[in-house]
Amino acid sequence: MLIQALSDYYDTLAEAGKVLPQGYSNVKIHQCICLTPEGQIDAIIDLQISEQISTAKGKIKERLVPRNELMPQRTEKSAIDANIIEHRPLYLFGLNYDKEQGTFSTEDKTGKAQKSHQAFVKANLAFLEGLDSPVVNAFRAFIENWHPEEECSNSHLLALGKAYGNYGYAFCLSGFPHLLLHNDAAVRDKWSKQYASDKAATQGAVVGQCAVSGQREPVARIHGKIKGVSGGLATGAVLIGFNNPSENSYGNEQAYNSNISEAVMKKYVEALNYLLNGDAKHRAQKATLDDLTVAYWVMSPRQVYNDLAELLMFGESQSFPGEQAEQVLAALLRDAKEGNIIMDRLCSSQGIDPQVDFYLLGLKPNSSRLSVKFLYRRKFGEFLYNIARHQLDMQIIGLTKPVQLWQIKKTLLSPKSTNDKVNPALMVKIMEAMLYGTRYPSFLLATLVRRVKTDIDLEVDPIRAGVIKACINRNARLSGKKEELGMGLDLGNNNPAYLCGRLFAVLESLQWRASETQLNRTIKDAYFASAVANPALIFPKLIMLAHNHLKKLKKPIYFERLIGGIIDCLQGCFPGTLSLEEQGEFIVGYYQQREAFFNRNDDKQLDDKQLKEEQDNGVK
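One point on numbering: in numbering that gives the first Met the number 0, the residue at position 215 of the sequence shown is 214, and numbering is uninterrupted.
In case anyone wonders, no lab produced these hints; they're calculated from the structure. One should not assume that every hint holds.
To be verified - The calculated lysine to aspartate or glutamate pairs, modelled on DMTMM-like cross-linking and capped at a C-alpha distance of 25 Å, are:
1) K265 - D10
2) K400 - E515
3) K192 - E14
4) K265 - E14
5) K400 - D419
6) K408 - D460
Only a predicted model underlies this, so the values are computations on that prediction, with no experimental measurement involved.
Given only the sequences and the hints, what does the whole structure look like? Please build it.
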């Protein structure tokens, strides 16, 4: 599927002019020679286009520039070597222009004009053999009937003047200037086949049925190298290669074992290098996660798809900078809260087609080869919905922006550790869950719970709390259960683990309020990790400490009622041990209760009576 997808993407890019089709070159064309059906020059029309440029003095000036046309690959030889569907005047007409006399002549010291024209006639008549279309027949007649020595006074050429030798030329049938010879279907089809055949012949390739296209074509012996993969060789690595005798089958050697045609090989290599390296006008469509390189593309030449994918997956995009990016993300989250993606909004503003295919490819280097770690394919509309659903699952009080993949990776590492790498298999599973809306890997929750318990001297940050909440809620939703955890403090959540987390936050806050000096060690430092795993063992001690802290408050009624209310919901019984998910709920309850204390605007869930009591008792 990968080779087929990259080959198709190459065709998509080629149609949009973003990559050159195999066997073609960009040629600057100034003039179009209109031929009669008999091959006579009827007219020469200007194909140049006007463009505006800024002068050194800041003024806007218009100038004529040639059109870029895709024509059969041009020769790179300095010696006389004709192109198919030639564009150079010396080859086409066999005439030299004398700028001083303003006349044409076939004579020159080396006979280059005559030799060039003869090479053109020979090569193009051979190529046109068997082709039959009005413009092809007119061009063939032109070649056969054009005699340079008889055309020195041709009025059409003389009208070009000094520019004659500097122009590039195309051909059309008179009356049909939009149907250029090099774009004729018969011409393009024959050239593509001839190019592939000639290319293979020079390499001694064999002909077989391509495993991708299904066509009998020359098979690639050696596949091109891919550059731009993190940790890979600077000279590039191959995606498909056979070097050892043990890899050979049925007497085939090297890449003949893969049975991929030369044409398809060129396509997928060009497309993948385009994604990984970009060019002067195009950013590389990739992201790096340690030694894992992730490439992404959409089966459309429009850049807006890739920009959206880049923004939603990796948090940045050149086309959606700053405020605009925030608006796109906010709209997506709003849609997710409503239970669906309102595609009309994106379709109207960005021209998005939700049915176009979106691909995500993971690559790792393996010596001189590349290893494919994953290849995901989704409809773009499904991708948008699942990413929006993912972001909604992650949202929690204290988070102001969507959570990006690199931020999730960062939460899995200790801030004190010098190791900045995460198991790539885990990151792959996280991306899979994001794209398909499936469960997050169980190891993600386990790792984050362990990190929170280990990094007890650090605050529980909103991203860690958000990811834990997302894991728990998604597991519940996909199991057909009710989602227990909301974005903010939920006073109606009577889950024992959640209540224990809230209670721990209340007891910690009480300790801070009761202390008249800066504390060197809090109950969080001493008991948090143990309380998360074994509440029944730790909370009786904490309640006893709380009695001492309450005595230090002038008006302890707010904390007494808050602690008492939570213990009543627990029915005075603390759970003995907590499962992994319950430990996660403990952490979320703790985090949300703390945020409610620190952010009074988020305390709207507390009833008016409690708020009044808090104010009356001087709690700020």
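Status of each hint after checking the structure:
At most 25 Å may separate the alpha-carbon atoms for a hinted pair to count; K265 and D10 meet this at roughly 11 Å. Restraint check for K400 and E515: not satisfied, since their Cα atoms lie roughly 36 Å apart, outside the 25 Å limit. A threshold of 25 Å between alpha carbons decides the hint, and for K192 with E14 the separation of about 18 Å falls inside it, so the pair holds. Of the pairs offered as hints, the one joining K265 and E14 holds, with about 16 Å between alpha carbons and a cut-off of 25 Å not exceeded.
A hinted pair counts as satisfied when its Cα atoms are at most 25 Å apart, and K400 with D419 qualifies at roughly 23 Å. Note on K408 and D460: the hinted pairing holds, with a Cα-Cα distance of about 14 Å set against a maximum of 25 Å.
When the structure is compared with the earlier hints, a violation turns up for hint 2 alone.
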